[in-house]
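Asks: With the hints as extra help, turn the sequences into a complete structure.
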Amino acid sequence: MIMGGIWTLIAKITKNEIPSPIATWSVFKDVMHHPFQNDADQKGIGTKLLSSLARVGIGFGLGSIVAIPLGLIMGGSKIAMKIINPMVQILKPVSPLAWFPLGLAIFQDSPKASIFMIFICSLWPTLINAAFGASNVPQDHKNVSKAFGFSTWKYLTKILLPFSLPHIITGLRLSIGIAWMVIVAGEMLSGGIGLGNFVWEEGFNGGSIAKILVAIIIIGIVGSLLDRCFTWLQQKFSYAV
Amino acid sequence: MSQAPIVAAEESITEIADKILEQTYNPPVSIEINNVTVSFKTPKGLYTAVRNIDLTVRKGEIISLIGHSGCGKSTLMGTISGMVKPASGEVFANGVKVTSPGPDRGIVFQNYSLLPWLTVYKNIYVAIDSALKDISEVEKARLAEANLKMVNLWDHKDKLPGQLSGGMKQRVAIARAFSINPQILLLDEPFGALDALTKSAMHIELLKLWNLDNREKTIVMVTHDIEEAIFLSDKVVVMNNGPEATIKEIVDVPLKRPRNKKDIVHDPKYMEIHDRLLNLLIHRFSIDDEE
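Chains as they are written, first to last, in our numbering: chain Z, 6 to 246; chain U, 4 to 294.
Be a bit skeptical, because a hint or two may be false.
Among the chain Z residues that face chain U by a calculated CB cut under 8 Å, a handful are [claimed, not checked]:
(1) A110
(2) D145
(3) K159
Non-contacting residues of chain Z with respect to chain U, defined by C-beta distances greater than 10 Å in every case (computed) [what the hints assert, rightly or not]:
(4) G66
(5) S115
(6) L179
(7) L230
For the record, the hints were derived by calculation from the structure and aren't laboratory data.
Virtual Cβ for every residue (Gly too), placed ideally from N, Cα, C.
Replies: Encoded structure:
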């Protein structure tokens, strides 16, 4: 309600340079007319959304598969920490977009380069959080493992992994947030079918600010839904001590 | 001539009888601590926690290590469990030199140390599964069930530790230690975090479990509670204050078992032991006493 009010006010001040909520709503309905249209020259917003989601899913999935074990190893062994940590510290602050040309050079294919970029940027938060979790296993739990002669496998599955899980999920939650932010930028660079492309081609180049607003709203809602999923997971896997 | 075999038989009977008697009065050594010193490296240099400790515990005995906080009683117990490596000297448990923790010694930790993501049942099962490798899954499940029933927690088997009270958690920890059927049971301030009433009930519970097992388990307990030490133990080992703590005195507790909590406090022998321990541990008894 308040947001709608402010929005209307801004539209009034800019003399509808920024379209009002009502005008945007009609464009929204228009855009949503054939959401899953999938013709060669005309793709619906739903198709674009799914294509963006798929890229995020693949990049994020691959990133997590690499980051979780690597993080656990890093947290579990001081030597691994000393070797891997400096690399992480140098690579982490690099803007994900800087990886895009590198991906393009490697894969010679812009959708693959986008996935590569998502893969890289979803590594760090998961890696760091998994390592933090694994390096903080309480001495009490380690003592139980020693006292009852747990095998390495049992230690991993019954102590290290369950203890680190809430931290890992926090990492995943941060990672998916970044991945979702980066995909829009990536698709603006790469073209191809996706939400970023929608914002750039149909919104900006097509001269329709309302379409940009529609895209922003959709991106925001999907992003917050993704975040919700991981918050839910977080609650499910937290435990009282 | 025909008498001879009978005489021989008689001799062997008396021999056997002697052996039985000897075992009853002089049971085999369960734990032997020989001249043990434990030091830790700290930023300020080497810190010696306990020095030149000698202690022998016989099978089926319950002994308490008592002393002020930080006197190294937990450290000393750690050398029996294998969690702490002595700088010099050696520890034998069940006739074998201790080099690492093992399933022949069950440990009940100070803060229960249950795994919070496993149910009560799973906590016990995982311990059995790790410590006893040679028995079947059915047998493991049976052991877990029997031990949980023994501490009356079978109805709570599917709860997580976070849903249990302190006393219940401690019963799970005790059941877990008993479930791997160790010959030696090590209890590190097991009842320290419990309120007085729960604590009292747990003492009886522990002795009941020990009795059920024909009093064959050796129990070493770290505590700073004098009443608890007397009620449970055969011997109370009083330690000096650290650093470089040594054994100050070993006080025998020749009170008959089974002991009754209510009656025992009126026993003159109990009062004498209580006084002795108080004098060993505490030097100021009223505000008029000089430090």
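Asks: Would you pick out the hints that fail for this structure and give their numbers low to high?
Replies: Hint check: 1 fails alone, others pass.
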